[in-house]
Structure formats: C-alpha cells, structure tokens
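Colleague: What follows is each chain in one-letter form.
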Amino acid sequence: MRRRELAAAAVLLAFGLWALTQARGLRFGTVAAPGPGFFPLCLAGALCLAGIGLFVQARRTAPGDVTAPAAGVRRFAVAGTLGALLIYALVLEQLGFLLATFALLVFFFKALQRQSWLVVVGGSLATALLSWLVFKIWLGVNLPGGLLRF
Amino acid sequence: MDLLGGLAYGLGVTLAPANLLACFAGVFVGTLIGVLPGIGPVATMSLLLPVTYAMSPTASIILMAGVYYGAMYGGSTTSILVNIPGEAASVVTCLDGYQMARQGRAGPALGMAAIASFIAGTLSVLGIMLLAPPLTKAALRFGPPEIFGLLLLGFTMVTYLTAGSKLKAVAMALLGMLLGTIGLDPITASPRFTYGSLTLADGLGLVPIIMGLFGISEVLLNIERGVEQEVFDTRIKGLLPSREDWKRSAAPIARGSLLGFFLGILPGIGAIIPTFISYALERRLSKHPERFGTGMIEGVAAPEAANNAATGGSMIPLLTLGIAPNVVMAVLLSAFLIHGVQPGPLLIREHPEIFWGVIASMYVGNAMLLVLNLPLIGLWVQLLRVPYGILFPLILMFCVIGVYSESGNVWDIVVMLAFGGLGYLMRKFGYEPAPMVLAFVLGRMAEESIRQALLMSRGSFDILLTRPLATTFLALAFAVMVVPLVLPSVKRALRSVPLEQGEG
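Each protein sequence line maps, in turn, to chains G and S. Under our numbering, the residue at position 116 of the first sequence is numbered 116, and the numbers go up by one with no gaps. Adding 1000 to a residue's 1-based position in the second sequence gives its number in our numbering.
In short, the hints are calculated from the structure, not lab data. Heads up, a few of these hints could be off.
What the hints assert, rightly or not - Not the full set, but computed from the structure, chain S residues with beta-carbon under 7 Å of chain G:
| # | residue |
| --- | --- |
| 1 | Ala1171 |
| 2 | Leu1174 |
| 3 | Met1177 |
| 4 | Leu1178 |
| 5 | Thr1188 |
| 6 | Gly1389 |
| 7 | Gly1408 |
| 8 | Leu1417 |
| 9 | Phe1429 |
| 10 | Arg1458 |
Because the structure is a prediction, the values reported are computed rather than measured. Backbone N, C-alpha and C define an ideal beta-carbon position, used for all residues, glycine too.
Given the sequences, and given the hints that come with them, work out the whole structure.
Modeller: Here's what the structure looks like:
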C-alpha cells in the first residue's frame, strides 16, 4: 500500500517537473499582462507541490499495509481488453468498421468469455451488422468502410 | 416573458413532434443506462453528442437532459432488485431498497422510488422556473473577477467534498487544468504543448477523456472484479405503496427534494452527495434510526427524491451563468457549444425556445418516466438478466463508435484508451476522476477570467478583494476549506460523504 502510494506520488511529481520545464518555454508575460505561459507555469508548480505533499503523506503511513492484489487471470483480462482495443483502433480505418468490429467481438466473446464457436461467430456477426445498420445507415454516424466499401 | 407565459411557450416548443420524440428517446435511454450497471449518464451523454449533430439545438439539449434525469429513475431499479447501484447516485437506495425486496416488498420500493423521483423532479423544475430568471439578471453583472471567484469556489467544493485524500483531489484538479492548457492559448491563440502536431493544436477532446475515465475504466474494473448479478427472483406485485408507506414517506420526499435541489445548485456537488446527506438526515430525524438499513421506505424515498431534485438544481448554474457545476453539466455545456449556442445570462433572451423548451420538457419527461418505470418495470427487470459478459463488449463498442464518430479521427480512440487505462489506475490508487474532468473543462474559463481580471487591474490581485460578489465567492471558498477544520462535526459529516466516483 505504502509503496504504491509513494510510486503514485513520484509519478505525479515527475510529471509536474516535466510540465514545469515545458511551461518555461512559453512566454510568461508580466502579472499585469499575463502571457500564454503564466497559467501553465503556476499549475505545474502547484502540481509539483501537491506531488511533494503526497509523497510526504505516503511516507508517514505505516509500511506493510498490504492489500490483496487482483488475481493474475483477471489482470490479464484487463490488459488483454485494452490491448485488443488498441489494435482495433490502429486497424479500424484499413479494415473498416464491420471487419474490425467483428474480429474484436470474436476476441471478447471467445478469449475472455469462452463461449462456443457458434455463439461467438453468430453473435459477433449479428452485433457488428446491427450496429452498422443502426449507427451508419439509420443515425448517419461517420464510420469507416475500409475493405468492404459499399 | 412572465413565468406562466414562459412555461406555456415552452410547452408549445416541447410538444412539437421532433422535440417530443427527443424527450422520449432521452428518458428512455436514460432509464436503460440507469438500469444497467457499468454505464452511467456521463458516458452515455458523451456518446450521444455526435448523434445530435443532425438535430436542432433545442431537441439535442432536451434529449441530453432527459438522459440525465432518466438515469436517476432507472438507477433505483437495479439498486432495489440486485443490490448493485445501476448508477452512482443510487448507491444509498441499495441499503433499504434491497432489504425491502428481500422482505417481498420490491413492488412498493420500486413504486415509491419512481413516485418520489417524480415529485422531486417536478418540484425542481418549478424551482428552476422561479430561480433562473432572477439569477440571470444578476449574472449579467458578472465580470472576470466574479467568474474567477465562482470557479475557485467550485474547485474548492469539488476537491473538499471527496471523501478520500483532499490532496489527491487537488492534484487531480491541477492535472486536469494542465491537460486543458494543451492547444491554443485562449487569449493570444499561440500554441502550447502542441509539439508541432495539428491534432494537439485542437487540444484534447472532452468526449474521449470522459469516455475513457468513466466508460472504459469502469468496464475494466468490472472485468477485473467479475460482476455477479443476481436478480432478486420474485414476482413484483403491487407497485403502489400502502397508505402507511405514504404517511412515512411524505416528509422525507419533501426534505429530500429541497435538500437535493439547493445542494445541486452549488458547484462541485452533483447528484450523488445529496443522496447521502438526505439519507443521513432522515436517519437522524427518525424515531427509529436503528431500523435504517433493514428495509425502511424512508431510506428509499428521501435519497431518490434528492438525486432527482439535484439534477434540476444543477441545471441552474449552466442555464444562468454558463458554468458547468459538475461533470454531467460539462457534457451538456459541450452539447450547447457544438450547436453554436452559448448558455449563460443571455440564453433566456437570445434563445427562449431552448430555455423554456428544456424546462417544459422536464415536466413532460418526468411524466413519461413515471409511465416508463411503473407499468413497464417488468421490461427493465428482464434487461437485468443479460449477463455482463455480453454487455461489456457492447459497451466498449459503443464507446469506440461514439468517440470515433465525433471527430472521425482514430487518434481520439487512442486518447480514450489512454485515459481508460489511466482511470483504471487512478481508481486503484484512490485518485478520483471527477475533479480532473471538471477542472479540465473549467480550467480554460478560469485562465481566461484570471488573465482578464489581471489585465483590468493592471496586475493587482486586489481586484478579487474589492468587488463584493467576487470577495463573497472567495470567502465562501475559504470557508469550505476552514470550517471542517474548526468544526469537527462538519468534518465527520463530510467524511461520511463518499467519493463522487463512477458518475459515468
């Protein structure tokens, strides 16, 4: 618990410091006529202070307060979900909405849910087609056609 | 336009077929996502933003508002039947509502929740009608110092009302404001933190951030936790509460409505905190405080009234000042801006059809919700039997469609996923997303107002202390920080208020 708190505070502090160096590159102006760098610099400085404060707070808490970490399989499911979505985003415009969404749903239903193949393929196909009809055709939402341009 | 004239005019606007349809669609979708755990009003409203492009501004706002108060109705159903809040403002309803269901009184609990919501919703519309026009007149005198003071008050409230570490909330608010500075400087339009990227010059989008922090991260947490839904399997009979139920609930509904409405107006509060305060109040006033949590109908009626009244109250700062008091209103604000309408003191004069139309639509929508939630309750119960394994891929898919269709840019999906991962980590480490999102939205306004105020005063911060209204806001913000330190009872009360988490 304590180590996690310390780590989180350190990340915030590091981000604040980095933002500080970046904000210094912007024109600060004067207090009477603040420039573009005025507000970001104040914010970054305040974020650094908050990060230091959190670090000190975390150091004061008792060490060894261990909370049970999430089960390994579940954590894998979280990473897998995010990873699959990232790949989906990268191939969406090339493959098109229908193909990419079909593949994504197959992955979710099969890899994370372990349904039977018939359910997986049928369900994914139906869902992808239905959402295409509703969003693209009915609501006129802009979705990429990709390989299956029609 | 006087009040009745305004309302009659608004009813005329609302009853136009397109607006009536928008109102129905809004409250229907609102009930739907209110019933479903894992997706709430914030994510849904962001999702619907692109759908409203083709609609008139009035119909869009009517639809969006309908989702928000509709979700307050739907949320209670899941709380009562499954003991999981359908959305965060119904957490408290679980306590007594689920116990009532276990005692075979699911019907009266659901009925009272809907009726309390209806009464509170209607009262809060009345409140908006009475308060908004005079506040609009006052707001016309607001200059940059007053706006900055009010925003500072909002930031203070949102950070000091989170139950977890205040410092963490402050850090998140600062981070949100920093992220908001990416893009063009609001005054000189010079690029900041864009690193030559045209996409970054537009700034980060609100929709991908919200969908990530409230939609994706919620799903990730549910996947990790493994949601087990066990619908309370009982035939729901007799939705109408008994005479005894009515007698016990009347005063709690009235108190819950008043409390919810006035708390809802304050910046940073939202619809969740009033439910906890009203539950605590009823327990304190009750002759049998020990029986709360065992199926007391007061424990259902009061918080359900409070969360509905709060949705109405929180519309006031947006309609009269153009300031979003909470994350939901921030999404509504962007719906206004997308359609080129600036909410604020001029709204009532420049767009009376929106102002009065939205208010009147809330009357109509509340009546629709009563029908949707009482006779049709069986439909929503069936929905609860859909397993989460089927639901979550759909929610993720909707998030992707929503974000992509808003801009047609794959980069926004990546931003959403990044914030989804960030939101997941933040909740694991006890950092709240609400202050961050609110600060992201209001930061730009805060920067503009303080820079303009300093230009006005030639660099003297005295300008914040010499104008009575601005000073009042600053004094209130200071009081919010200091009072809990001085009065331990207030501090304890605030501590029992939970995090504004998962309002998406």
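Colleague: State for each hint whether it applies.
Modeller: Going down the list of hints, with the structure as the test:
1. Ala1171: 4 Å, holds
2. Leu1174: With Cβ-Cβ at 4 Å, under 7 Å, it holds.
3. Met1177: 5 Å, holds
4. Leu1178: With Cβ-Cβ at 5 Å, under 7 Å, it holds.
5. Thr1188: This hint holds: Thr1188 (chain S) lies near chain G, its Cβ roughly 6 Å from the closest one there, short of 7 Å.
6. Gly1389: For Gly1389 (chain S), the interface hint holds, since the closest Cβ of chain G sits about 4 Å away, which is under 7 Å.
7. Gly1408: Result: holds, 5 Å to nearest chain G Cβ.
8. Leu1417: The hint holds - Leu1417 (chain S) has a Cβ within 7 Å of chain G, the shortest such distance being about 5 Å.
9. Phe1429: Since the shortest Cβ distance to chain G is 5 Å, the answer is holds.
10. Arg1458: The hint holds - Arg1458 (chain S) has a Cβ within 7 Å of chain G, the shortest such distance being about 5 Å.
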